[in-house]
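There are 2 protein chains.
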Amino acid sequence: MEKDSRTVGILGGGQLGRMLVEAAHRLNIKTVILDAPNSPAKQINALHPHVDGSFSEPAAIRKLAAECDILTVEIEHVDTQILQELEEAGTVEVQPSWKTIRVIQDKYLQKEHLTQHGVSTAPSVPLTDRTPAGLEYIGQQFSYPFMLKARTLAYDGRGNHVVASAEAVPAALEALTSGALYAEKWVPFVKELAVMVVRKKDGSVVSYPTVETVHEENICKLVYAPARVGQKVQDAARRLAEKAVGCLWGAGVFGVEMFLLPDGSLMINEIAPRPHNSGHYTIEACPTSQYEAHIRAITDLPLPAHSTGLSTPSTNAIMLNLLGPRYLTVAHAALSTKGATVHLYGKGAAKPARKMGHITLLAGSMAEAVYQIQPLIDLADGVTPTATPAAAPTTKAEPNPVVAVIMGSDSDLPVMKAGAEILKRFNVPFMVSIVSAHRTPDRMVTFAKEARAKGIKVVIAGAGGAAHLPGMVAAMLTLPVVGVPVRGSTLDGVDSLHSIVQMPRGVPVATVAINNSTNAALLALRILSVEDSELGRGVRAALEKYVDDMESEVMAKVERLESGGWEEYVVKK
Amino acid sequence: MEKDSRTVGILGGGQLGRMLVEAAHRLNIKTVILDAPNSPAKQINALHPHVDGSFSEPAAIRKLAAECDILTVEIEHVDTQILQELEEAGTVEVQPSWKTIRVIQDKYLQKEHLTQHGVSTAPSVPLTDRTPAGLEYIGQQFSYPFMLKARTLAYDGRGNHVVASAEAVPAALEALTSGALYAEKWVPFVKELAVMVVRKKDGSVVSYPTVETVHEENICKLVYAPARVGQKVQDAARRLAEKAVGCLWGAGVFGVEMFLLPDGSLMINEIAPRPHNSGHYTIEACPTSQYEAHIRAITDLPLPAHSTGLSTPSTNAIMLNLLGPRYLTVAHAALSTKGATVHLYGKGAAKPARKMGHITLLAGSMAEAVYQIQPLIDLADGVTPTATPAAAPTTKAEPNPVVAVIMGSDSDLPVMKAGAEILKRFNVPFMVSIVSAHRTPDRMVTFAKEARAKGIKVVIAGAGGAAHLPGMVAAMLTLPVVGVPVRGSTLDGVDSLHSIVQMPRGVPVATVAINNSTNAALLALRILSVEDSELGRGVRAALEKYVDDMESEVMAKVERLESGGWEEYVVKK
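Which chain is which? The protein sequence lines are A and D, in order.
Residues 1 to 573 (the working numbering) are what the first sequence spells out, left to right.
Residues 1 to 573 (the working numbering) are what the second sequence spells out, left to right.
Hints listed in this document are in silico derivations from the structure and should not be mistaken for laboratory results.
Treat each hint with caution, since some may be false.
Treat identical chains as interchangeable: a pair holds within one or across any two.
[As the list claims (entries may be wrong)] Heads up, simulated DSS-like pairs for lysine-lysine below, C-alpha to C-alpha not over 25 Å straight-line:
| hint | residue 1 | residue 2 |
| --- | --- | --- |
| 1 | K232 | K417 |
| 2 | K191 | K221 |
| 3 | K338 | K201 |
| 4 | K417 | K351 |
| 5 | K99 | K417 |
| 6 | K243 | K63 |
| 7 | K557 | K99 |
| 8 | K185 | K347 |
| 9 | K449 | K545 |
| 10 | K557 | K221 |
| 11 | K338 | K185 |
| 12 | K243 | K232 |
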């Protein structure tokens with residue numbers, strides 16, 4: 001960030017280049033673009049002339065190098081021979097290293113390199129015998145289906161072909177005619193994950209959160225940040241991505257795509273040596289975007305680890321690509337969508353599947369983000385949400401319950417009803433059900449184990465007699481459980497009270513008075529009011545009003561008692 | 001956002017214009033700039049040629065108008081005569097209206113207009129008699145000190161002069177020689193607040209949060225969003241700003257600066273008919289920035305009210321202007337500062353007090369934001385933080401307690417100790433104190449009323465006998481209160497249990513087992529784990545581990561019992 005001192009040359013001027021230029025502007029770092037005239041990145045930089053031509057032409061790359069101190073890429077399909085020459089001649093610094101770009105360009109070399117460094121990827125073999133017999137031999141080794149892939153110049157699904165069976169072999173050879181090929185064992189993944197990793201000049205790495213990507217017809221459609229998988233898988237994905245990028249050369253940001261397998265293990269799919277579609281969300285969701293991180297890494301500016309996390313613990317983002325002719329319709333709708341930010345790329349004709357822009361939607365919870373973005377996905381898909389019930393997302397229907405009111409028997413309902421009414425009055429989403437510790441123990445276990453994952457924040461459990469439900473549920477989860485002792489036909493409810501309140505050390509149940517489900521609900525509301533969210537804030541204000549109302553009610557009685565006298569009061573009451 | 005259909009011309013190409021262009025690019029909206037060659041806004045738009053010249057030159061404005069569908073401003077010191085002509089001739093649309101710009105340009109007319117519309121501003125009179133006698137007459141009316149101000153072309157403190165006393169009158173007349181003047185009554189404000197208001201084409205308004213601005217030598221230095229004042233003042237400031245902008249004409253974003261007086265009332269200082277320094281923070285802190293809001297408003301694109309709030313309930317921002325020669329040092333340090341984003345403007349020489357860039361710092365609480373930004377303020381001020389202990393922020397010391405453990409008497413401490421130990425083990429900040437409902441009722445009231453404001457999220461209250469403390473505290477606040485019945489010398493604790501648990505409907509106490517403060521602490525942790533914050537997330541993970549450990553402990557006993565036999569177990573236990 002020494003003013004006007006360094007210029008970065010970018011091979012490629014598409015949307016990734018454009019967002020790199022935007023980030024560089026904010027740091028007063030000059031950029032010069034090599035691409036066709038008026039490409040998206042060039043449009044937003046009038047500081048000086050750019051280089052017209054292709055990022056795979058040696059002469060054009062030489063011309064760019066003459067203008068710059070550092071060369072970098074927004075696409076990996078560049079001429080690495082000329083990059084090597086330029087760097088070895090000391091003309092310009094290349095980041096990331098041409099070695100990295102060269103290894104990554106050839107998907108088979110990339111896989112081989114990763115495997116050699118102990119990084120898990122799908123088993124692959126180069127196709128040396130380009131005949132039906134050669135492919136059938138691979139089919140026998142890998143079993144069908146397997147993937148036939150172009151080693152170079154493949155992206156957004158181009159150059160990939162599924163070989164479904166021995167009968168499909170001839171068609172596969174016809175589909176991929178040019179360039180070297182390799183075969184990849186089929187990976188029966190359950191989800192696709194991705195991690196952006198920044199490699200600094202000193203070889204150290206920092207990573208962004210693990211995200212989940214959804215592809216449609218081999219093109220990235222949606223990115224969920226963070227990925228909707230457990231913390232352990234998220235952490236493992238970041239470690240794997242960091243390890244993979246650690247064994248490459250030079251500085252910059254890398255997009256690491258991987259597969260999550262049914263057994264929870266991870267396998268790298270491929271790496272991009274540049275900003276990546278799966279990292280667009282970082283512009284809004286992280287303190288430092290992948291674009292600024294790339295600029296900082298290649299210019300050796302500081303990038304502490306706190307720059308690449310999600311901005312807050314409650315930051316959840318979904319990125320939706322705006323593809324093809326419908327992009328303006330979706331973008332326009334996004335202007336009115338809560339939490340959405342629109343990015344258009346200044347591209348020309350909106351050919352089908354062309355990336356024209358994207359939307360990033362932020363929300364305080366992933367459920368909220370999913371709910372808000374669904375109408376935009378429907379628009380992008382060209383479906384009318386109301387006309388196609390199958391397309392309606394389950395999360396759209398009702399807000400997810402945050403309080404679960406459960407009871408051991410329907411005979412407890414007359415007591416528990418009052419609590420439910422309080423929750424309804426406070427507009428807090430809740431569910432009511434019967435879960436008997438003694439008669440449906442399996443159901444109780446399932447309920448308890450799944451509650452937090454389903455979004456439940458407080459459980460209210462009512463039971464009578466030898467009342468085990470509240471304590472048993474409390475033993476099986478870590479959410480606050482409020483216990484309501486229900487008065488049975490004998491012992492006046494003291495049996496229930498003692499069964500619920502006298503829990504052993506380690507398993508607390510928040511017990512309220514006998515039959516007082518009103519207070520159980522109010523306690524749940526107080527607990528929700530602690531939460532740092534819009535719901536918590538709303539509940540807090542409503543609780544304050546409730547207390548005020550209670551006071552006014554008593555004060556009205558005071559007034560009536562004092563003005564009318566106690567005798568009249570007793571009669572009228 | 002109809003592609004390539006409309007072009008916005010901007011009079012002025014400084015940093016505000018630059019950030020407008022950045023926002024317009026993301027919406028594929030074309031902008032053409034009128035300003036000196038290579039001005040900050042022009043640097044980032046290479047889509048077509050711009051207009052060189054001054055935004056106050058009629059010929060240059062005509063030339064710009066010929067290229068555009070809509071004209072707007074990033075500075076109010078423009079020629080409104082020509083704007084009026086152009087709009088009346090139907091050549092171009094002007095947003096906001098030239099009428100608005102004309103009224104605002106002349107600060108005295110602005111004040112008069114606001115006063116006529118019932119908007120509170122500082123009492124002002126035009127200076128008709130430009131002599132010592134004329135000024136002294138005003139001094140007698142307003143009393144000293146009062147402000148002498150240029151009616152036009154004043155900004156960043158230029159054109160403002162304090163008239164301290166009758167003796168200072170001649171100096172004041174010498175200081176402000178050119179242009180019409182007016183005098184303003186001195187406003188003894190306690191804080192300066194500002195609100196960005198967006199006026200739409202239909203005349204409706206939406207506003208951003210109320211922020212607090214800190215000026216140094218009449219130049220904006222810091223902006224705190226939201227303002228560190230109560231909610232009522234924040235709301236009143238927004239209403240006042242919306243009212244003020246409501247009585248102007250045309251579309252766009254407006255910066256409304258105001259004074260907060262000692263009695264809590266508000267008074268408008270001045271209005272800017274354009275994006276404003278006090279709204280830079282919106283780029284990072286709000287779903288839609290003031291720049292994009294301006295573009296949307298003048299092009300009649302949707303801007304729902306949820307676009308202009310803070311992104312999350314826990315979003316807090318501080319903006320620090322980067323002024324003069326030290327700007328790169330501060331910007332470089334900001335790259336390593338948690339939550340900070342750097343914006344540089346691509347300007348030339350860093351003359352003293354010139355706005356070269358700004359930093360926006362986001363944090364989950366204002367205390368955290370203040371703590372993180374202090375070293376950058378010190379750098380900007382050229383002071384060494386270690387050498388000036390007075391500059392050390394008070395918020396640095398201890399984390400605020402989130403759990404309060406209170407008890408009716410020190411004799412309860414042996415029972416309550418176990419709970420405190422659990423909280424300590426989970427690294428949750430907590431406080432322990434004695435608050436007796438019966439012996440220190442006032443102290444109890446104060447504690448209860450202040451608890452939430454002080455950051456307490458859960459109260460654990462222990463008491464014995466006729467145990468009133470938990471219920472009384474619960475009655476006085478809306479936080480969750482966990483009650484621990486402490487066993488006294490008679491009745492085995494059942495007296496305490498029933499005193500605590502049998503609360504009337506409306507006031508819940510989460511009661512745990514007699515003497516079981518361990519469970520009270522664990523319940524508090526479960527409640528904290530519901531919270532959507534870093535603390536909540538950490539506590540959640542620790543609770544899961546606690547449950548696992550408990551299970552392992554029992555399983556070890558199972559192992560010992562089953563392998564060693566029950567008789568040996570009994571002996572060894």
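Q: Would you list, in rising numerical order, the hints stated earlier that this structure does not obey?
A: 1, 4, 5, 6, 7, 8, 10 and 11
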